[in-house]
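Asker: Sequence:
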Amino acid sequence: MKSPYMVLEHISFSYHNMQAETIALSDISFYVNKGEFIAIVGPSGCGKSTLLSIIAGLLTPEEGKITFPDMKDSSKPQIGYMLQHDHLFEWRNIYQNVTLGLDICKCKTSENLEYVNEMLKDYGLWQFRHKRPSELSGGMKQRAALIRTLALKPDLLLLDEPFSALDNQTRLYVSGDICQIIRKEKKTAILITHDLSEAISLSDRIILLTNRPAKIKSQIPVKLSVTERTPLKARSAPEFNDYFNLLWKELADEDQSRTICTTA
1135 MKSPYMVLEH ISFSYHNMQA ETIALSDISF YVNKGEFIAI VGPSGCGKST LLSIIAGLLT
1195 PEEGKITFPD MKDSSKPQIG YMLQHDHLFE WRNIYQNVTL GLDICKCKTS ENLEYVNEML
1255 KDYGLWQFRH KRPSELSGGM KQRAALIRTL ALKPDLLLLD EPFSALDNQT RLYVSGDICQ
1315 IIRKEKKTAI LITHDLSEAI SLSDRIILLT NRPAKIKSQI PVKLSVTERT PLKARSAPEF
1375 NDYFNLLWKE LADEDQSRTI CTTA
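All letters in the sequence shown, in the order written, are residues 1135 to 1398 by our numbering.
One should not assume that every hint holds.
[As the list claims (entries may be wrong)] Here are the simulated distance ranges between beta carbons: (1) LEU1247 - TYR1165: 32 to 38 Å; (2) LYS1206 - GLN1153: 27 to 33 Å; (3) GLN1153 - MET1205: 36 to 42 Å.
Keep in mind the hints are simulated off the structure, nothing from the lab. Beta carbons: idealized from backbone N, C-alpha and C, even for Gly.
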């Protein structure tokens, strides 16, 4: 049996200030397989983004560790982090924006530039490469942000609600585009989302967190009987409503428990 790509073991983390300690995460353990698309959902404020920041190395856990079993000498993979907003710079055109990471890392080689050019062509942005971000739709800007992230060829993609700023119709199409890009590039990805339908339609497995301090409440493998895994077609799968109702009930139970704790 192949070893997992990434293993989180007993991760705990707290925020501290002069007044108090706030425990955000408590004893989080799970694994991610190579090429797997994981969605993490949970009540608002439970610590989902904190967990993603720990995986990215931006925060250090107080307890526990993250390992990559197939990597030697305790090395870590190249990580790409896509945030809620595109954060494209208006004073740079789209081509200059998507090659920004290559500029910073001083790796603007002909091979890397060709890779960027191919992605711009494949994902419908080549003819807009000389435009400013304000001249593009929200969905096009998110595709540009993803190309900028992929330009450095990361092994692991972390997606922190990257579609939340889009309207519902655009969100549906763009999430499908980006999911197809990620699967085509055979990337391992972890998505934070509040949208249950999005989690079901995009991911291979859903990790559900409890209220803060967050623990893992359940892990749900997603298997949909559709030939093409797009957000639209996934929503028409006969199993879709069962997954949605299960997640909704689990989250409703968390909301109820939080209300009881608050009023007790």
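Asker: Each hint should be assessed against the structure and marked as holding or not.
Answerer: Against the structure, the hints:
1. Between LEU1247 and TYR1165 the beta carbon distance is about 36 Å. The supplied range of 32 to 38 Å therefore holds.
2. The given range of 27 to 33 Å is broken by LYS1206 and GLN1153, whose C-beta atoms sit roughly 44 Å from each other.
3. Look at GLN1153 against MET1205: about 40 Å separates their beta carbons, and that is inside 36 to 42 Å.
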